[in-house]
Amino acid sequence: MTYLEMVDKFGLYFLLGLYPKGPLGGLALTLALASAGLLLALPLGLLLGLGRISPWRALRWPVTALVFVVRGTPLLMVIFWAYFFLPSLTGVRTDRFNTMLIALVVFDAAYLAEIVRAGIQALPKGQVEAARSLGLSYLQAMRLVVLPQALRHMLPSLVNQFVSTIKETSLGYIIGLAEVSFIATQINTLVFVLPTQIYLTLGLTYFILCFGLSRLAFWLERRLSVRAFTAPLEATA
Amino acid sequence: MIQFNKVNKWFDKYHALVDIDETIAKGEVVVVCGPSGSGKSTLIRTINRLEPIHSGSIHIGGQDIYTDTASVNALRQGIGFVFQQFNLFPHLSALQNCTLAPVRLLGLSKAEAHEQAMALLERVGLAHKAHAHANELSGGQQQRVAIARALAMKPPLMLFDEPTSALDPEMVGEVLQVIKALARDGMTLVVVTHEMGFAREVADRVLFMDHGYVLERATPQAFFNTPQHPRAQQFLSDIRSPFVSS
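Protein chains in written order, with my numbering: chain A, 42 to 278; chain B, 19 to 264.
Just so you know, these hints were derived from the structure itself, not from any lab. All the given hints hold, so there is nothing to weed out.
Distance ranges between label pairs, derived from CB positions:
#1 A:SER129 with B:HIS149: 58 to 64 angstroms
#2 A:GLY132 with B:SER89: 44 to 50 angstroms
#3 A:TRP102 with B:ALA150: 40 to 46 angstroms
#4 A:ARG256 with B:HIS149: 29 to 35 angstroms
#5 B:ALA88 with A:GLY253: 50 to 56 angstroms
#6 B:ASP82 with A:ARG256: 54 to 60 angstroms
#7 A:PHE109 with B:SER127: 42 to 48 angstroms
#8 B:THR87 with A:THR135: 47 to 53 angstroms
#9 B:VAL90 with A:PRO64: 51 to 57 angstroms
#10 B:THR85 with A:MET118: 47 to 53 angstroms
#11 B:GLN81 with A:SER129: 53 to 59 angstroms
#12 A:LYS166 with B:TYR32: 18 to 24 angstroms
#13 B:LYS172 with A:GLY132: 57 to 63 angstroms
Pairs of lysine-lysine, DSS-like flavour, derived with a Cα cap of 27 angstroms:
#14 B:LYS44 with B:LYS172
#15 A:LYS166 with B:LYS172
#16 A:LYS166 with B:LYS147
#17 B:LYS198 with B:LYS147
#18 B:LYS44 with B:LYS24
#19 A:LYS166 with B:LYS31
Short derived list, chain A residues pointing at chain B, Cβ under 8 angstroms:
#20 GLU170
#21 ARG173
#22 LEU175
#23 GLY176
#24 LEU177
#25 GLN181
#26 LEU185
#27 GLN190
It should be emphasised that the depicted structure is a prediction, and the values quoted were computed from it without experimental measurement. Just so it is clear, CB atoms sit at the ideal spot from N, CA and C, and this is done for glycine as well.
Required output: the full structure, derived from the provided sequences and hints.
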């Protein structure tokens, strides 16, 4: 079988899995997982990041503990927890997609939390003091003054984490989720004679996704820095 | 208007404010001066609770500001604070810097806040820079916007923490002019500054601080012409001839 014959025969399977006859899989599932993961992990990471620097100990300590535990654990372990431990806790068997999604969101949120924390703490102290001395509450100061600036500073690190998330979806393989790596492996088993070509195609697919996202972020960064209104990152007296 | 009663504050072991007993009257313009590390910035930062105190009490308009029932946000709405480093919000225009708090805290409509902010920027001579951001303004202009931002909350009391210390010399005048105009309008001002010309001209009273103590309180005339405390005499001679080593 030549490469083109294989593409002809398995191309759609690579892109969509068994869809429309069966469940969605392949690249489409990878994209769905990555985007859902990013969309959910960002707000959770933001909340955890705010919790990490909260002046209220009752919030700060448990959040800090959670972040450190998750960050000190391989993603594979988090996936196993979500796969084996979560159903025994809830009594309901979560499907593979949601299991993987939960693991990804928890794992990435912990990393995003540290990015958010660092981004906020890098802002000059004077910004919070100026906001608070006008009479704004802590949360108002965060929402109206600190976060709009901090998020811009964080953008490169956030994108870095997002790129990681895309690649991390490949670990869904381990619980039999039919994302693109899993499908590629199946195709390889069926075709047998083209492993190099198949895994090069898979690698190139991930590269295009990640590179595309990086370029998009770079463009966004430049657009924002044309309106570079963020405070200089220097200590104020 | 402001009363300090035996106020003490420590930074770890360092005794930053020692038994401060002061009264500042309504409409009074008080200049606080003293060498670096003397506690003068700490002193005015305790007035709006940016720095907590460890003993004693501070009353503003008769109310103890450190009781549990005192709302720190409500307190700060009535006290304008101007920083050495300006601290304009860099993601907002000059105008938005001046409308943010009035819209969120005083319940002004966007239009009302806008109109008031334009009037204030006019007053500090920067109406033409209303849509500029901090990075497009000089230090002096940023500080004048910061003053307008504080005034937008219509506070009866304004605190200035070395408002001209971070400025290039040619911009000091424009900021001092604005503060001087506030003094003429009868506002209560507490100004930490090294600008002795300003103190002489505008202050009703000068407080001299060193090592956390208020060592001297006097009219500007008395303070500059006949300083009583040896530390004050030394300080005045140092700032008059800064390059002469003793």
